[in-house]
Amino acid sequence: MIMNKIILIIKREYLTRVQKKSFVVMTILGPILMAALFIVPVVLSQMSDEVKKVQILDETGWFLDRFENSDRYVFEHIFTDLETAKANISGSETYALVYIPRPEVSVPSSGIIFSNSQVSLDLKSHIRNVMAKEVENQKLGAEIVKEIRKVNPTLSEAEADSLEKSNLVTEEILKNIKTNITLTSIQLGDSGSEAKSYTEVSMGVGMFAGILIYFFIFLFGSQVMRGVIEEKVSRIVEVIVSSVKPFQLMMGKIIGVALVGLTQFMLWVVLTLAIVTIFQTVMPDKVNPQQATEIYNQETSRIPSQANTAALQTMESNETGMTRMLEALQSINYTTMIFSFLFYFIGGYLLYGAMFAAIGAAVDNETDTQQFMLPITVPLILAIVMAQFVINNPDGPIAFWFSMIPFTSPVIMMVRIPFGVPLWQIGLSMIILTVSFIAAVWLAGRIYRTGILMYGKKVSWGEMWKWLFYKG
Amino acid sequence: MSFFSVRNVTKNYAAHKALDNVSIEVPPQSIFGLLGPNGAGKTTLIRIINQIIAPDEGELFFENDKLAAHHVHQIGYLPEERGLYKKMKVGEQALYLARLKGVSKSDAQKKLRYWFEKFDIKPWWNKKVEELSKGMQQKVQFIVTIIHEPRLLIFDEPFSGFDPINVNLLKDEILTLRRNGATIIFSTHNMASVEELCDDITLINNSKKILDGRVSDIKNAHKTNTFSISFNDFENDLRTVLPADFNLISQQAKDELQIARIQIPPAATANHLLKVLMPHVSVHALNEIIPTMNEIFINTVNQKQSTSKLNDYE
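If you read the sequences in order, they're chains A and B. My numbering numbers the first residue of the first sequence as 1 and each following residue consecutively. My numbering numbers the first residue of the second sequence as 1 and each following residue consecutively.
Just chain A, with the same shape it has in the complex (with noise of 0.2 Å):
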């Protein structure tokens, strides 16, 4: 019976809430804004028609004419050490000398790109797919060799070259084969001094996600504010709470809200994806490079049999142009990502979601929220203004120390988190987190129950204090 009236209440303020104008705008213009970020850049970097020069130091010898020269790029291969190429390259016409080290044991996984200006992601996400291809290429060859001398450990060299090798591949050598290759571009200062860039990717990942969430706490929070002002205001509270308890309607709105907030961010990127695939398939010869299409062709003409289309397939819808486009930032782990930041997006929002509630019960109007304001933004401003510290030195004191006070904690954390963050610490820090609004939520609770009863009167912080102690 309680159950049913608190899900009423999140179906009310939910569906009240999607139903409005200002939500429909918000989750149009969110994704335009969005893939607008994704595209421009890509489109920016493609626009200049000068064909770029890149060498490439390559120790393994792997790679030697696997680099093709296309309408952008010309490939140059070199054969000096690094430190000579490096200082050639500096300050010359060359756009980027990518230098592949011999490995230690294995088969090449690795790079460095380094350059005069930033790599752009296009360059990178060419180069790491030429290596892939080709590493993949050697160790598909090698399984099938294995597996041939697995069925017939006598055949020939010449026997086994000859035979129908496509019924072979199996899905399970598909993912064997399957090799992540690690790019790392510095880029040479004029003094011929190396800043490394590779953490530009992490920096701008975290400090978007840093800056949706304090949004979405923003957004959402506030939400919920008016919300219960506007119950207040229009006495509806009084025939409400006759029926249910004020801390069911508090919950009720808090998590209808949160409710609205995980559906708009869904939209976002489910239709951001939409605007960018789409775009892809309009104008395929600007955003998606070609290569990646040559490079399936060959795959699946290589190994044309019936029975690993499928596998073939799902390998490919795995590598349409906006994965490519997200490969470059295949450094982070994106479980992690999507999990912490749903859970830091919830978490934040409920600690400040109780708190703007309380808030929205103490005061009689929007206008008078303005003094009990200040200690929520406060903290969420000050969360955005250390994430540029915390991004500059993304393990340091204040980085942690700020990622376990709860109400900097879901900024600054999301802020770390792509750079790696101990598992120690965002489990004490949720841990904190959780904590801290479960005691939020049932502070705020007392305060709510007091205030919406309370009209006409101008609240100070003392008697919000005594409202905590009101008994029922």
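In case anyone wonders, no lab produced these hints; they're calculated from the structure. Just to be clear, a hint being listed does not mean it is correct.
Quick list of in silico lysine to aspartate or glutamate cross-link-like pairs, DMTMM-like style, CA-CA up to 20 Å [to be verified]:
no.: 1; chain 1: B; residue 1: K86; chain 2: A; residue 2: D364
no.: 2; chain 1: A; residue 1: K245; chain 2: B; residue 2: D56
no.: 3; chain 1: B; residue 1: K87; chain 2: A; residue 2: D364
no.: 4; chain 1: A; residue 1: K20; chain 2: B; residue 2: D237
no.: 5; chain 1: B; residue 1: K66; chain 2: B; residue 2: E25
no.: 6; chain 1: A; residue 1: K20; chain 2: B; residue 2: E131
no.: 7; chain 1: A; residue 1: K11; chain 2: B; residue 2: E92
no.: 8; chain 1: B; residue 1: K89; chain 2: A; residue 2: E230
no.: 9; chain 1: A; residue 1: K457; chain 2: B; residue 2: E81
no.: 10; chain 1: B; residue 1: K86; chain 2: A; residue 2: E230
no.: 11; chain 1: B; residue 1: K111; chain 2: B; residue 2: E92
no.: 12; chain 1: A; residue 1: K178; chain 2: A; residue 2: E143
no.: 13; chain 1: A; residue 1: K466; chain 2: B; residue 2: D56
no.: 14; chain 1: A; residue 1: K21; chain 2: B; residue 2: E195
no.: 15; chain 1: B; residue 1: K127; chain 2: A; residue 2: E143
no.: 16; chain 1: B; residue 1: K134; chain 2: A; residue 2: E230
Once you've looked at the hints, dock chain B against the given chain A.
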């Protein structure tokens, strides 16, 4: 036996005592007036009955059961400060409020349709509340108060905001509800409607109960043995013919008649008064002046205030 009892309820707020050891007994199927000046503690008591707030001391009983959370489905409450979600559609909102009171969706729809037709607001079902006139909003509010067929109804100033025609409509509905078995607690400052509707009353002042009982009993108890007599054929001061313990309050001429108000000693009756006057005047009419609830209210509250100023502990 009472349908609803409040026993020795006390409620303190930080700065003041809102209710001080208040008890009321509401008989079944009656209309019970809860009266008192502003700030006396009526709203606090009503909120306690609705379980919106909890008393510091004292107990409440619903049909001899201790008042519990499940009783909210049997109570309908029309607060004085009333309102609806302005941006929400009328029908949707009525449905929502009915369901919060535990009415199933299909049941609520059926009942709402009946009441909306009865109150002539059917065409407004899909309009937003803010598009409705004040009177229509009040009708919607009244409907959602009674939609779950509560056995105890609490109306706080139910007639405010209604025009006289709708006041009558509402009064009829309230009387019908009682006839159908509901018990009604009715809080108002409108003493005329108290006299018209209430069977029993409780008067609260300064957080204490200062008067309660059946309306007829209270009125009888507040009679002062004062009569109004109209007569003619006598131009002098009536005091010249009245015994010393008969007190002439006023005497004035109106058209060709004289009207006098006379208070007689408690032992005397109207017959005594007539016997005294008949030899001197020709009586046109004689009737006892029964105090109105309005007078009782004002007198009792004023009395208490002046005595409580003298004895603060009272």
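For each hint, the structure was consulted:
| no. | hint | result |
| --- | --- | --- |
| 1 | K86(B) <-> D364(A) | 17 Å, holds |
| 2 | K245(A) <-> D56(B) | 18 Å, holds |
| 3 | K87(B) <-> D364(A) | 19 Å, holds |
| 4 | K20(A) <-> D237(B) | 79 Å, violated |
| 5 | K66(B) <-> E25(B) | 14 Å, holds |
| 6 | K20(A) <-> E131(B) | 18 Å, holds |
| 7 | K11(A) <-> E92(B) | 12 Å, holds |
| 8 | K89(B) <-> E230(A) | 16 Å, holds |
| 9 | K457(A) <-> E81(B) | 15 Å, holds |
| 10 | K86(B) <-> E230(A) | 9 Å, holds |
| 11 | K111(B) <-> E92(B) | 13 Å, holds |
| 12 | K178(A) <-> E143(A) | 12 Å, holds |
| 13 | K466(A) <-> D56(B) | 16 Å, holds |
| 14 | K21(A) <-> E195(B) | 51 Å, violated |
| 15 | K127(B) <-> E143(A) | 71 Å, violated |
| 16 | K134(B) <-> E230(A) | 18 Å, holds |
Violated hints, listed in ascending order, are 4, 14, 15; each of the other numbered hints is respected by the structure.
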